[in-house]
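Asker: Sequence:
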Amino acid sequence: MDVARPAPEAEALRRYLEGVLGAPVGDVTVSALGGGPSGTDLKRFGYGTPLRIDCVVGGEPRRFVLARQRVQPGYGHDYPSDRAQAALWAHDAYNRLPRHVASRDVGFLLDSGALVSVAGWRDAFQLVDFSEGTEYRRDLERIADTRALGPGDMDRVDALAAYLAGIHRERHDAPHIYHRRIRELVGHGECIMGVLDGYPETFALLPPAEREAIERAAVSWRWRLRGRVHRLATAHGDFHPWNILFRTETDFTLLDRSRGEWGEPADDVAALVVNYLFFALVSEGRFRGPLRVCFERFLERYLDATGDAELFEVLPPFLLFRGLVLASPKWYPTLDEGIRRSLLSLVRRMAEPAPLDLAAVEAALEGRP
0 MDVARPAPEA EALRRYLEGV LGAPVGDVTV SALGGGPSGT DLKRFGYGTP
50 LRIDCVVGGE PRRFVLARQR VQPGYGHDYP SDRAQAALWA HDAYNRLPRH
100 VASRDVGFLL DSGALVSVAG WRDAFQLVDF SEGTEYRRDL ERIADTRALG
150 PGDMDRVDAL AAYLAGIHRE RHDAPHIYHR RIRELVGHGE CIMGVLDGYP
200 ETFALLPPAE REAIERAAVS WRWRLRGRVH RLATAHGDFH PWNILFRTET
250 DFTLLDRSRG EWGEPADDVA ALVVNYLFFA LVSEGRFRGP LRVCFERFLE
300 RYLDATGDAE LFEVLPPFLL FRGLVLASPK WYPTLDEGIR RSLLSLVRRM
350 AEPAPLDLAA VEAALEGRP
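Letter by letter, the sequence shown follows residues 0 to 368 in numbering that gives the first Met the number 0.
These are computed hints drawn from the structure, not numbers from a lab.
Everything numeric in this text was worked out from a predicted model, so none of it was measured.
Note that CB positions come from ideal geometry on N, CA and C, so glycine has one too.
Be aware that one or more of the hints could be misleading.
Pair by pair, the computed Cβ-Cβ distance ranges are [said to hold, decoys possible]:
| no. | residue 1 | residue 2 | range |
| --- | --- | --- | --- |
| 1 | Val218 | Arg287 | 41 to 49 Å |
| 2 | Leu32 | Pro354 | 29 to 37 Å |
| 3 | Ser80 | Leu32 | 23 to 31 Å |
| 4 | Arg182 | Ser30 | 33 to 41 Å |
| 5 | Pro60 | Gly197 | 52 to 60 Å |
| 6 | Glu365 | Ala118 | 55 to 63 Å |
| 7 | Phe129 | Val64 | 36 to 44 Å |
| 8 | Leu253 | Arg182 | 23 to 31 Å |
| 9 | Glu260 | Leu204 | 32 to 40 Å |
| 10 | Ala208 | Leu302 | 36 to 44 Å |
| 11 | Ala208 | Phe129 | 43 to 51 Å |
| 12 | Pro72 | Gly197 | 26 to 34 Å |
Please model the entire structure based on the sequences and the hints provided.
Answerer: What follows is the structure, encoded as structure tokens:
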């Protein structure tokens, strides 16, 4: 459903145009371009809601179009950042194609009604607060090195489980967003297909034919999960130990929330628990020891808090994705080959159309059928 947005005020447009064009602007009028699809127009849907601007610039009549995308569900235009990306790309690209209409500027419409030019942009940045703390992965490295749990380790596992259970309680009724998140799990440049494309073409442990098979299995998983739209919840999106900063005891701060504020809870769970598994392999060469205890404790506490009866049914493709990252020679170039083989064995097992089974996980990691 299209969400109506008011046209910019004529006076705000006038001031904006004077700044962009460097000349006096007057007699500004705004109208909908074309008035929408006609009765004979077979195309009844479009992404844009263009406005026609008639004005006088330096004493001469001029005409412009203010192009804006619809605020509507689906098609990858769900968030303001999606629409900003499209506008920034269009301004950068239009003027390099022969015979294409020229782009004069690109900018943002503020809450105040002002229009702000950003046409000189070259790259994006973000300014955030600094947070004290130590990455949680340091805890996992210590446990792997000592093969023992220290005081407070289980308290931190419990705190992380309680945190995720808490944010995942907030659900959102937006099927198109759930579809998008599951689609992105497979096709996003940072997710399964993108990570697979980052593997060397001649990588012997995962040759092209196997990468193709994993992609096909991931697409099948997309269709198995796609209908579970009731699961859409508040999510972090990249809840791994490098993005968790602990200070004292169970006090922590998170970094780098990713890919939208709503998602599949299993994504957050997989991002954390796969690292308990990973560091267990680093420490023991097998899925055992204190880091397996952390793995099982987290799932126990999370399930106790959420009662999520579907979790094991939806976890496999998210563990597949995270396993591909950990096994990647680009992301982890110095990883022991035996551990890499174990992780890729896990990936293959998670590609199978079956719920998560911890005995199957252990067998996969040990190379057993």
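Asker: Name the hints, by number, that the structure is in violation of.
Answerer: 1 and 2
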